[in-house]
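Make a model of the complete structure from these sequences and hints.
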Amino acid sequence: MAVRKTSAFAPDVDTLARAAGLDKALKQFPEDVALAAQSAASARSAAGELDQVAAEPWPPMQVRK
Amino acid sequence: MNDLHWLTAAELAGAYAARKVSPVELVQSLLERIDALEPQLNAFIKLDRDAVLAQAKEAEREIRAGGQRGPLHGVPVGIKDIIDVAGQATTCHSKIYLQNIARADAEVVSRLRAAGAIPFGKLSLHEFAIGGPSFDLPFPPARNPWNRDHHPGGSSSGSGTALAAGFLPLALGTDTGGSIRNPAGNCGVVGLKPTYGLVSRRGVFPLAFTLDHIGPMARTVRDTALALDVLAGHDAADPGSAAIPHGNFGADLERGVRGLRVGFVRHFHEQDVPAHPEVTAALEEAARQFTREGALVRDLQLPPLQELAGVSRIFMLAESWTVHAPWLRDRPGDYAETSRRKLMGGAFLGAGDYVHAQQRRLQLSDAVNAALRDVDVLLCANSLDPACRLDDDAELARTYPRQARSPFNLTGHPALALMCGLSTGGLPISAQIVGRMHDEVTVLRAGAAYERATDWHTRRPPLENTSKAKRKPAAVS
Chain A
1 MAVRKTSAFA PDVDTLARAA GLDKALKQFP EDVALAAQSA ASARSAAGEL
51 DQVAAEPWPP MQVRK
Chain B
1001 MNDLHWLTAA ELAGAYAARK VSPVELVQSL LERIDALEPQ LNAFIKLDRD
1051 AVLAQAKEAE REIRAGGQRG PLHGVPVGIK DIIDVAGQAT TCHSKIYLQN
1101 IARADAEVVS RLRAAGAIPF GKLSLHEFAI GGPSFDLPFP PARNPWNRDH
1151 HPGGSSSGSG TALAAGFLPL ALGTDTGGSI RNPAGNCGVV GLKPTYGLVS
1201 RRGVFPLAFT LDHIGPMART VRDTALALDV LAGHDAADPG SAAIPHGNFG
1251 ADLERGVRGL RVGFVRHFHE QDVPAHPEVT AALEEAARQF TREGALVRDL
1301 QLPPLQELAG VSRIFMLAES WTVHAPWLRD RPGDYAETSR RKLMGGAFLG
1351 AGDYVHAQQR RLQLSDAVNA ALRDVDVLLC ANSLDPACRL DDDAELARTY
1401 PRQARSPFNL TGHPALALMC GLSTGGLPIS AQIVGRMHDE VTVLRAGAAY
1451 ERATDWHTRR PPLENTSKAK RKPAAVS
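Heads up: the protein sequence lines correspond to chains A and B, in order.
Numbering-wise (this note's numbering), the first sequence opens with residue 1 and increments by one.
Numbering-wise (this note's numbering), the second sequence opens with residue 1001 and increments by one.
Calculated directly from the structure, the hints in this document are not laboratory data.
Computed from a predicted model, the values in this text were never measured in an experiment.
Mixed in with the good hints, there may be bad ones.
[Unchecked claim] Below, simulated DSBU-like cross-link-like pairs (lysine-lysine); rule was C-alpha separation at most 30 Å, straight line: (1) B:Lys1057 <-> B:Lys1046; (2) B:Lys1095 <-> A:Lys27; (3) B:Lys1095 <-> B:Lys1046; (4) B:Lys1020 <-> B:Lys1057; (5) A:Lys24 <-> B:Lys1095.
[Claimed, not checked] In silico negatives: residues of chain A with every beta carbon more than 10 Å from chain B: (6) Lys24; (7) Gln62; (8) Val63.
[To be verified] Residues on chain A that point at chain B, a partial pick, calculated with CB under 8 Å: (9) Thr15; (10) Ala20; (11) Ala25; (12) Pro30; (13) Val33; (14) Ser39; (15) Ala40; (16) Arg44; (17) Leu50; (18) Pro57; (19) Trp58; (20) Met61.
Think of the CB as a built atom: it goes at the ideal place given N, C-alpha and C, for glycine as much as any other residue.
Structure follows, in structure tokens:
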């Protein structure tokens, strides 16, 4: 069962950039910010789907000795 | 002795012992060659002639007195300028870190010194080990000795360039998404990304914590093994360091590959991301060569290359963003354009993306481990195209992601890059040999057998004709 869906809502790049504190970059290098957002979206879509909802992330939590 | 600059580290040890050559003679010969060729190649960010000559004199005195510090005594090793050498700047090839003077040696540099090696200059790289060849940085990009208009690969570009040009017998590289194996491939030398945790990261500026590896680059597999013997070992100060005992990594170099089971990951370069035809042909020939040597070669299926690389990119983007966010917010104009574009990507990923990538990482690593239960090593592509021009931004952007290296940063398996062909344009083509976790011995065994059966490692870039005509002091101190 695929458990990860792509949202139809595409958040505004400017809003996300400002939330990340990239106001200066947005002003000086808007094209670079847009390309960075595109690159993140492309990595997200290439990461593939999980077949188990309860798949353990790696590394699993371990207590420090 | 002629052509001192092409001697390997292993040959140097013998030549020193037999008093056929001295460390001072070697270093002087290398400096002469660097003076002649460096202005065309830009391998170094900083090279202190007096310091390396002083160390060579000390090594010479010790060796003549019968003292042997270790297996690399008197052997020059170039250091990628993202690795700390005490008292020197670690610039990371960036405006941002021009004044970043290292207080202590990185663990790998300490180990090299203990083995008698001579840290020989700081080598150029892609900015912070993630950018690309850039002309808007304080230092020019390194160039490919096989064709100076072409990309030497990165991010350990200076390391690949220096080895292929005969400036050094050994160099250190770092590899987060393939940054040892890409320049090794493009420059026709050997590069090993060891198992994650085998070599300490302490004193190396991080790019992505869970993908970062440090490893040796050389002109032969034997030298790679020799350097790994020195570099590997547990370091309690590196939280990712593996406390696993290891022996002589070159133990099986002479064993050959008869009966060795080789899984040929053909779908990476045939179906997933179709390679340039000359790369495909060279890989086919490499597989046939292993068969001729007695290996049992068969096709083997891993998860799709795009998926492995995609998950790896999530880690790269998210983790490098955590390192660089303060600078990207305050001084974005101090980065090269290409680095800025790559490093800001993590700002657009969420916590869920990262956890999802962690879940996928476990599944994908399990799949690669399962495949390696049926074979001893994997044979697969390195870059899927010969190196493109250094100034062709569109081609750089197209070809850079076309690679089969980052899957093994994601999983942590050891991966060796070595030359397996030459394109019609005269540029090296390279393959990877990948092994089980902490089984570098078998990876190096397979590489050494391939090297013995072929002559790719003896090929040299066409630099000699230009060296005398263009001699003038290099722009390094």
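Let me know if the C-beta of A:Trp58 comes in closer than 8 Å to any C-beta of chain B, holds or violated. Hint holds; A:Trp58 Cβ to chain B Cβ min 4 Å, cut 8 Å.
A:Ala25 as an interface hint toward chain B, with CB separation required under 8 Å: holds, 4 Å
Interface hint status, A:Leu50 versus chain B (Cβ within 8 Å): A:Leu50 check passes; min Cβ-Cβ to chain B is 6 Å, inside 8 Å.
Does A:Lys27 lie within 30 Å of B:Lys1095 when you go C-alpha to C-alpha? Distance ~21 Å between B:Lys1095 and A:Lys27 Cα, so the pair holds.
Please verify that hint: A:Thr15, Cβ, nearest Cβ of chain B, below 8 Å or not. violated, 11 Å
Beyond 10 Å on every Cβ pair: is that true for A:Lys24 relative to chain B? Not fine: 6 Å to the nearest Cβ puts A:Lys24 too close to chain B.
Under the criterion of a CB-CB separation shorter than 8 Å, is A:Ala40 in contact with chain B as hinted? holds, 4 Å
Mind checking the CB of A:Arg44 against every CB in chain B and telling me if the closest is under 8 Å? This hint holds: A:Arg44 lies near chain B, its Cβ roughly 6 Å from the closest one there, short of 8 Å.
Using 8 Å as the Cβ threshold, decide whether A:Val33 counts as touching chain B. holds, 6 Å
With a cut-off of 8 Å on the beta carbons, see whether A:Ser39 makes it to chain B. holds, 4 Å
No chain B beta carbon within 10 Å of A:Gln62's: Holds: least Cβ distance 12 Å, greater than 10 Å.
Have a go at the A:Met61 hint: is there a Cβ in chain B nearer than 8 Å to its own Cβ? At about 11 Å, which exceeds the 8 Å cut-off, the nearest Cβ of chain B leaves the hint on A:Met61 violated.
Going down the numbered hints, you'll see the structure goes against 6, 9, 12, 20, while the others check out.
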